[in-house]
Each structure stands twice: as C-alpha cells, then as structure tokens.
Amino acid sequence: MINKLLERLSFDKTIPIAPLIIFRIIFGALMLFGVSRFMLNGWVEQLYIEPSHFFGYLGFEWVKPLKGNLMYLPFFLMILSALGIIFGFLYRYSAALFFICFTYIELLDKSNYLNHYYFVSLMSFLMILVPANALFSIDSYLNPSIRRQETKQWHIGIVKFQLAIVYIFAGIAKLNSDWLFEAQPLKIWLQAHHNIPLVGGLLQEEWVAYTFSWFGCVYDLFIVFFLLSTRLRPFAYFFVVAFHILTWYLFPIGVFPWVMIFSTLIFFSSDLHTRILNRLQRLFPKKKELSLVFAPKNSTNRVLKYFLILYIIIQVIVPFRYILYPGDLFWNEEGFRFSWRVMLMHKEGYATFYLYDKKTGRESEIDNSKFLTQTQEDQMATQPDMILQYAQILKEHFDGKTLKYGDYIFPIEDPEIHAEIYVSLNGRPSQLFVAKKHDLTEFTYDLRHRDWIEPFKK
Amino acid sequence: MIAILMVSMAVSCKKPGEDTIDFNKENLLENIANNQIAPAINDFAEKVSSLQSDYTTFQANPTTDNFETVRNSWKLAYVSWQTVKIFDFGPMRDYALKGSIGTFPTDTTKVLSNIASGSYTLGTAANIDAVGLSSLDFLLYRNDALTFFTSDNNYMQYGLDVIQKMNQEISAVQGQWETYKSTFITSTGTETTSAFSLLVNEFNRDYELAKNAKLGIPIGKQSLEIQMPEYIEARYSGISLDLLKGNLEALRNLYTGGSGVGFDDYLEHLDRGALNSTIRTNFNTIISLIDGFSGTLEQEMQTNVSGLNELYVELQGQVVNLKTDMTSAFGILITYQDNDGD
Numbered sequence: 030m031i032n033k034l035l036e037r038l039s040f041d042k043t044i045p046i047a048p049l050i051i052f053r054i055i056f057g058a059l060m061l062f063g064v065s066r067f068m069l070n071g072w073v074e075q076l077y078i079e080p081s082h083f084f085g086y087l088g089f090e091w092v093k094p095l096k097g098n099l100m101y102l103p104f105f106l107m108i109l110s111a112l113g114i115i116f117g118f119l120y121r122y123s124a125a126l127f128f129i130c131f132t133y134i135e136l137l138d139k140s141n142y143l144n145h146y147y148f149v150s151l152m153s154f155l156m157i158l159v160p161a162n163a164l165f166s167i168d169s170y171l172n173p174s175i176r177r178q179e180t181k182q183w184h185i186g187i188v189k190f191q192l193a194i195v196y197i198f199a200g201i202a203k204l205n206s207d208w209l210f211e212a213q214p215l216k217i218w219l220q221a222h223h224n225i226p227l228v229g230g231l232l233q234e235e236w237v238a239y240t241f242s243w244f245g246c247v248y249d250l251f252i253v254f255f256l257l258s259t260r261l262r263p264f265a266y267f268f269v270v271a272f273h274i275l276t277w278y279l280f281p282i283g284v285f286p287w288v289m290i291f292s293t294l295i296f297f298s299s300d301l302h303t304r305i306l307n308r309l310q311r312l313f314p315k316k317k318e319l320s321l322v323f324a325p326k327n328s329t330n331r332v333l334k335y336f337l338i339l340y341i342i343i344q345v346i347v348p349f350r351y352i353l354y355p356g357d358l359f360w361n362e363e364g365f366r367f368s369w370r371v372m373l374m375h376k377e378g379y380a381t382f383y384l385y386d387k388k389t390g391r392e393s394e395i396d397n398s399k400f401l402t403q404t405q406e407d408q409m410a411t412q413p414d415m416i417l418q419y420a421q422i423l424k425e426h427f428d429g430k431t432l433k434y435g436d437y438i439f440p441i442e443d444p445e446i447h448a449e450i451y452v453s454l455n456g457r458p459s460q461l462f463v464a465k466k467h468d469l470t471e472f473t474y475d476l477r478h479r480d481w482i483e484p485f486k487k
Numbered sequence: 008m009i010a011i012l013m014v015s016m017a018v019s020c021k022k023p024g025e026d027t028i029d030f031n032k033e034n035l036l037e038n039i040a041n042n043q044i045a046p047a048i049n050d051f052a053e054k055v056s057s058l059q060s061d062y063t064t065f066q067a068n069p070t071t072d073n074f075e076t077v078r079n080s081w082k083l084a085y086v087s088w089q090t091v092k093i094f095d096f097g098p099m100r101d102y103a104l105k106g107s108i109g110t111f112p113t114d115t116t117k118v119l120s121n122i123a124s125g126s127y128t129l130g131t132a133a134n135i136d137a138v139g140l141s142s143l144d145f146l147l148y149r150n151d152a153l154t155f156f157t158s159d160n161n162y163m164q165y166g167l168d169v170i171q172k173m174n175q176e177i178s179a180v181q182g183q184w185e186t187y188k189s190t191f192i193t194s195t196g197t198e199t200t201s202a203f204s205l206l207v208n209e210f211n212r213d214y215e216l217a218k219n220a221k222l223g224i225p226i227g228k229q230s231l232e233i234q235m236p237e238y239i240e241a242r243y244s245g246i247s248l249d250l251l252k253g254n255l256e257a258l259r260n261l262y263t264g265g266s267g268v269g270f271d272d273y274l275e276h277l278d279r280g281a282l283n284s285t286i287r288t289n290f291n292t293i294i295s296l297i298d299g300f301s302g303t304l305e306q307e308m309q310t311n312v313s314g315l316n317e318l319y320v321e322l323q324g325q326v327v328n329l330k331t332d333m334t335s336a337f338g339i340l341i342t343y344q345d346n347d348g349d
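These protein sequence lines map, in sequence, to chains A and B.
Position 394 of the first sequence, counting from 1, maps to 423 under this note's numbering, and the rest follow consecutively.
Position 128 of the second sequence, counting from 1, maps to 135 under this note's numbering, and the rest follow consecutively.
Worth flagging that the hints you see were computed from the coordinates, not collected in a lab.
Since this is a predicted model, take the numbers as computed values, not measurements.
We put the CB at the ideal spot given by N, CA and C, even for glycine.
Please note that the accuracy of each hint is not assured.
In silico negatives: residues of chain A with every beta carbon more than 12 Å from chain B [unchecked claim]:
hint, residue
1, S328
2, L353
3, Y354
4, I450
List of simulated lysine-lysine pairs, BS3-like, C-alpha gap at most 27 Å [said to hold, decoys possible]:
hint, chain 1, residue 1, chain 2, residue 2
5, A, K487, A, K93
6, B, K188, B, K172
7, A, K388, A, K466
8, A, K465, A, K487
9, B, K117, A, K399
10, B, K188, A, K433
Here are some chain B residues pointing at chain A (derived, C-beta under 10 Å) [claimed, not checked]:
hint, residue
11, H276
12, T292
13, N328
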C-alpha cells in the first residue's frame with residue numbers, strides 16, 4: 030500500500046527546474062535582507078547579548094547563547110550562507126549552514142518566537158534537500174555535470190506544500206469566535222490607525238474590522254487553491270500582493286509580508302519561470318555548452334521518500350495538537366506555537382512575582398527588570414510555560430543566597446516563588462491569570478495540561 | 008474584495024464631516040503638548056531659574072532668611088519636577104534629564120567626597136546620584152546644614168554647581184521642545200517610536216516608578232518586608248509624600264487631559280467607560296489616601312505601616328488597569344523595542 034502511495038505521489042516525475050532555481054535566488058535574497066536588517070537594527074545586541082537569562086524550548090534548554098560579541102558569529106555565517114544560496118555556491122553546505130545558524134538562534138529564546146521564523150527554519154531545511162543549484166549557479170558553472178533542465182516534481186512540490194500549510198492553517202486558526210464574531214483583535218489594531226489620512230476614519234468603523242477579519246480568513250483559507258489554478262492565478266497574486274502590503278503597512282510584522290509576496294511566485298507556471306531564467310542567463314556570458322542531461326537519472330532515495338511523507342504528516346498534525354488540551358487555547362496557550370496562529374490575538378499581562386522565605390514567612394516583590402528585558406517580561410507575563418521557567422530562574426537565583434537588609438540577614442534556602450498575574454485577551458477587561466496561592470516552583474515544565482492557570486471567563 | 012473596500016473607502020471619504028465627532032489621537036497629543044508638557048517644562052525651568060537666583064543671593068549673603076528662601080524655591084522646583092519627569096522622550100530623553108535631575112536616593116558619601124576634593128565633573132555617569140534635586144535635599148536639610156554652607160566654600164560652590172547644571176539642562180530641553188513639539192503632535196502611529204506610544208509607555212513607566220521607588224522600596228516591598236528608610240525620596244526635608252502626591256496628580260492630569268482631550272476620552276470613545284470610571288475612582292482614592300497622612304513618610308513608616316500598605320495595594324491595583332487594560336484597549340505595543348511582530 031505504501032508503495033502505491035509513493036507511486037501516486039509520483040516522486041520521480043520530472044518537471045522544468047526553473048521555478049526552483051528562481052525560488053533559490055529569491056529565498057537567499059530575502060534571507061540576506063532579513064538577517065542584515067536584524068543586525069543593523071541592533072537586535073543581536075538587544076535580544077541575544079543584553080539579556081542575562083533566556084527562555085529555552087522544552088527539550089532544547091541546552092542550546093545556549095555564545096559569549097558576548099561572539100553572538101555575531103552565527104549572524105555573519107548566515108550572511109555568508111545566504112550569499113552562498115543566492116549564487117548557488119557550495120549550495121547544499123550553504124543551505125545547511127544557514128539552517129543550522131538560523132535554527133540555533135531561534136532555539137535560544139522563545140520570547141522571540143515568531144511563526145515566520147519557524148517558517149524560515151523549515152524552509153531553509155527543505156532547501157538542503159533540493160538541488161536548487163542545478164542551473165544558474167556557481168556550482169553548476171564550476172561543475173557542469175550537475176546541470177539539469179528538469180527536476181523531480183517533489184523538489185518544487187514540497188516548497189508549495191510548505192507555503193500552503195502556512196496559509197491554510199493561518200486560515201483555520203481564524204475560524205474562532207473572537208476573530209469572526211467579535212472582529213478581535215483587528216478591531217483594536219485597526220482603530221489605532223485612525224489618524225491615517227483619508228481612510229483613518231473608516232478604520233475605526235466596526236464593519237471595517239469585520240470585513241478585514243472575514244476577508245483575511247477567506248484569503249488565508251483559499252488563496253493557495255486560487256494560486257494553483259492557472260486561470261485565476263494572476264488575480265490571486267494581485268490579492269497576495271495587496272493583502273501583504275496592507276498588513277505590512279498596518280502592522281509591525283517586519284519582513285514577513287515580503288517573504289510571502291516573493292515566495293508565492295513559485296506558484297506561477299514553469300514556462301514563465303523558464304523565460305525569466307533564460308533572460309537572467311543572457312545577462313551573463315556563456316562559457317560552456319549547456320549539459321545535454323535534462324533529467325535526473327536516479328530515483329529518489331527510499332529513506333528520503335519516507336522521511337518526506339513523515340514530514341508532511343507532522344506538518345499537518347502539529348497545528349491540531351491543541352485538541353489534546355482542555356480549556357481555552359488562547360488563554361492557556363497549550364499547543365499554540367508552531368501552528369501558524371499569525372496575528373491572532375492581542376494579549377497583555379501584568380505579572381508580579383514574589384519571593385517567599387519559608388523560614389521567616391516573609392515575602393519580597395521581584396523587580397522583573399533586574400532579570401528580564403522588556404520584551405521577555407511582556408512575553409512571559411501572558412505565556413504559562415514561560416511563567417514557570419521564570420519562576421525557576423528566580424528560584425535558582427535566590428536559592429542559597431544570603432539577603433542583607435540593614436541589620437537583618439536572611440539566608441535563603443529552597444524559597445517559594447509565587448506570582449499574581451492579570452491578563453487581558455482580545456480587548457476584554459483583564460482577569461486573574463495566575464493566582465498568588467501557587468508555589469510555582471512546585472510545577473514541572475512539561476507538556477501536560479497546566480491546571481494552575483485560572484479558568485478563562487469569556 | 009480589497010478593490011470593493013477601496014471603492015467604498017473612496018465613496019465614504021467624500022462625505023466630510025461624518026467622522027468629525029470621532030476621537031483623534033492628534034487632538035490628544037496637541038492638548039498634552041500645549042497644555043501640559045510645554046507648561047510643565049516652562050514652569051520647572053522658571054522654578055530652577057529662581058532657585059539659582061535665590062541661591063546666588065544666599066551665596067552673597069548667607070543669612071538664615073536667605074537660606075529659607077533657597078529651601079522654599081528648591082521645594083517648589085522639586086514639586087514642579089514631578090510633572091516634567093513623566094515626559095521622558097524627545098529632548099528630555101536626549102539630555103537624559105530624568106536621570107540627571109531626578110535620581111534618588113543621593114549618595115551622600117559621594118557628595119561629601121566631591122565637596123572635599125573640590126574637583127569633580129558633575130555630568131559623569133558615576134556622579135548621577137550625587138547631583139540633581141535629591142543631592143540638594145541632603146545639602147539643604149541635613150543637620151546643621153546652614154553651618155556647612157557658611158563654613159565651607161567648596162560646600163557652597165557645590166550647591167551652585169548642581170543648580171547651574173540643572174538650569175543649563177532644562178533650558179536646553181526647553182529650547183528644543185519648541186521644535187520637537189510639532190513632530191510630537193503629528194506622530195500618531197502605532198509603532199513603538201511614535202509619540203503616542205511613547206506617551207502611553209512613559210506614563211505607565213512613571214506610574215510604576217512612583218509606586219515602587221517612592222513608596223514600595225522604602226516600606227520594604229522588595230526587601231522581605233524590612234523597611235529601607237535610606238531609600239526614601241527627599242528624606243532629609245521630609246517632603247516625600249508631597250512629591251508622591253504631586254507625581255500622582257500629574258499622572259492623573261495627563262490621564263484626564265486636564266480640561267482637554269486625554270486618555271479618558273479615548274477610552275470613552277472605545278466604549279470602555281467602565282474602565283475609565285474605575286481608573287478615575289482609583290486615582291481619587293489614591294490621592295485622598297495620601298492626603299490622609301499627617302506625618303512624613305519616614306514617620307508614617309514608624310507609626311502607620313497598615314496605612315502605607317493600604318496605599319500600596321491601591322497603587323498596585325491601578326497598574327493593571329493602566330498597563331494592561333488601558334494600553335491594550337489603545338492597541339499599542341508596550342514594548343520598548345521595535346520588532347517583527349506576528
């Protein structure tokens with residue numbers, strides 16, 4: 030049966046390679062831009078050098094930042110490898126290096142988690158698997174035997190699949206009552222733009238927020254199917270451009286709109302890509318005759334096939350894992366990340382942490398700014414797993430310390446850490462998120478349901 | 008669909024006057040800039056300038072009366088500062104005024120060693136807690152203060168240097184606010200660098216600073232309930248509670264916009280009237296609680312711990328209303344750094 034499935038997926042069917050080649054250049058260029066922008070904005074310093082504590086991912090807490098300015102090293106390597114990807118130089122190594130550096134950075138601190146960073150990690154990983162250097166590249170110039178005019182269907186299909194996953198799951202995620210029936214969080218976000226000339230007044234109209242919400246949902250759910258249709262593609266792409274430019278204008282989402290605008294070009298026909306590629310090639314002098322080899326000879330490795338199927342299954346299942354948890358997904362955030370829940374909620378919290386000395390029964394309020402950056406504190410205040418991690422950070426800091434205040438000396442041992450946290454979700458009045466009664470150091474950080482979070486009242 | 012939207016927007020825009028009753032951030036910024044920030048800066052500049060002239064009079068003729076005049080103009084300047092310090096952006100931020108004028112508690116050892124050596128650069132980062140209004144609290148109100156001034160030229164000179172430094176800084180900021188004001192008023196965006204975001208963020212930050220530094224830390228909230236009188240603001244003069252009150256009144260005034268457009272109007276516009284009335288009530292409760300204290304903060308810490316705790320709980324509860332509810336209703340990010348959101 031599996032063999033039949035593999036046949037059906039026609040892994041080894043070949044198609045023109047041009048879309049993949051162009052995608053390689055676009056992806057490399059976007060990464061070069063994104064990484065340079067990140068460095069020029071001073072974010073390496075702010076996000077990876079200045080913080081004294083980091084919020085690792087479950088199972089990846091061993092991933093640690095490099096000391097001081099050494100943190101710039103992975104960013105320089107990303108610049109180099111992005112250039113390698115653009116020019117197709119030592120391509121597979123470049124793609125692998127980029128993937129490793131980028132993923133390393135992302136694993137350091139979940140305060141900086143963004144769906145589009147996850148997307149870049151996945152996409153750069155997929156780029157390692159495909160021969161995107163088989164034309165118009167330094168590799169193929171130096172070694173003409175790797176040149177191909179055609180490539181296996183899955184090499185391009187997997188990229189389209191990944192883009193489809195992002196859109197469709199972003200659409201599914203919008204099928205919730207806040208988004209559809211309250212127009213939240215867009216109602217909050219759009220009204221904030223009421224000073225934009227001409228359209229500003231409209232942006233604070235309720236019906237506009239509803240229109241944006243419903244349109245965004247329909248767009249995300251169906252845009253991929255329109256892009257796949259030859260007839261509707263030009264219209265669909267117009268919407269892609271318009272939609273993402275609008276989001277870029279209205280929201281602080283950095284390079285993501287540009288990544289989507291340019292990445293979705295891969296849905297265009299191979300004819301168009303071939304024409305563009307030919308034109309590009311004419312810009313450079315031809316040194317050697319094109320190889321006569323048109324199609325890849327060997328069939329796709331069996332292990333790789335199984336791996337790809339597994340990858341696809343995981344991508345489809347992971348966003349649904351939240352079903353395993355009771356309670357409200359937005360409130361508890363159990364199974365929230367890695368699920369393409371983009372621009373989905375406006376959550377703000379205020380967290381007061383307390384150190385409790387068992388021996389004397391005295392407590393101290395913690396000044397969060399002594400331990401966390403502003404971004405970390407903001408993220409932590411609304412995300413339960415980070416709240417637990419922060420409680421551990423505090424416990425480790427104070428355990429065994431001797432605190433001296435005036436003439437009073439307190440040797441702290443095995444302290445309790447409590448927190449009182451209020452959170453406002455999607456424009457609702459704030460409500461208690463974590464009650465002060467819990468000693469947070471008693472809870473282990475794992476994937477089980479966190480029943481210490483106060484229940485959400487709609 | 009976007010096309011339809013665009014068309015409908017164009018059509019709607021042809022009906023002028025329809026949206027004029029809507030709230031407009033620009034009006035808020037204009038009101039705050041013209042009726043609060045600029046007057047606050049001018050008032051403080053004036054107070055510091057009279058402090059300086061009173062001080063030079065005192066220097067020439069160090070009588071008890073002249074000394075009292077200096078002390079009084081220092082008090083007025085310190086209370087006036089409670090409004091200015093909220094607006095820590097634009098020229099204020101460029102000159103790092105909040106730190107150089109408002110840092111407390113003052114490091115008395117550092118002040119005295121500066122005076123003893125007679126050679127110092129007051130503008131260095133190391134001297135941040137040896138200058139500003141708080142250093143004058145120590146110089147003017149320590150025991151036998153007048154004797155120190157009259158018996159030690161260095162001492163007298165140090166006070167003047169501190170005042171002159173403040174005077175120069177606030178004059179510079181005053182000059183630049185005039186040009187910055189128009190940028191400020193039109194910066195209505197949602198990005199973290201926009202004036203509106205800065206205003207809301209600094210409002211929240213200053214509120215929390217008042218809660219923690221002016222009250223929480225001295226009464227032991229961050230030190231296992233051990234009181235820390237050495238952290239009391241203006242401990243020597245004992246005007247700590249006046250300053251706390253001045254600060255909260257300034258914050259309340261910014262919130263209501265005085266008689267003009269303020270955060271409260273924005274909340275009403277967003278149908279968050281209940282939140283607005285909670286915030287107003289809390290501000291009033293807080294200020295009347297402060298009014299209820301008859302002694303200095305240090306005296307109250309000895310005799311009325313429960314009263315101070317009650318005030319602290321009120322202050323703490325209001326943070327959630329301001330920082331979480333109000334800020335999220337406005338749809339601005341409370342983060343102090345730009346980032347790729349998602």
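To see whether the hints hold, each was checked on the structure:
no.: 1; hint: S328; verdict: 39 Å, holds
no.: 2; hint: L353; verdict: 23 Å, holds
no.: 3; hint: Y354; verdict: 21 Å, holds
no.: 4; hint: I450; verdict: 10 Å, violated
no.: 5; hint: A:K487 - A:K93; verdict: 39 Å, violated
no.: 6; hint: B:K188 - B:K172; verdict: 24 Å, holds
no.: 7; hint: A:K388 - A:K466; verdict: 17 Å, holds
no.: 8; hint: A:K465 - A:K487; verdict: 22 Å, holds
no.: 9; hint: B:K117 - A:K399; verdict: 24 Å, holds
no.: 10; hint: B:K188 - A:K433; verdict: 47 Å, violated
no.: 11; hint: H276; verdict: 8 Å, holds
no.: 12; hint: T292; verdict: 19 Å, violated
no.: 13; hint: N328; verdict: 8 Å, holds
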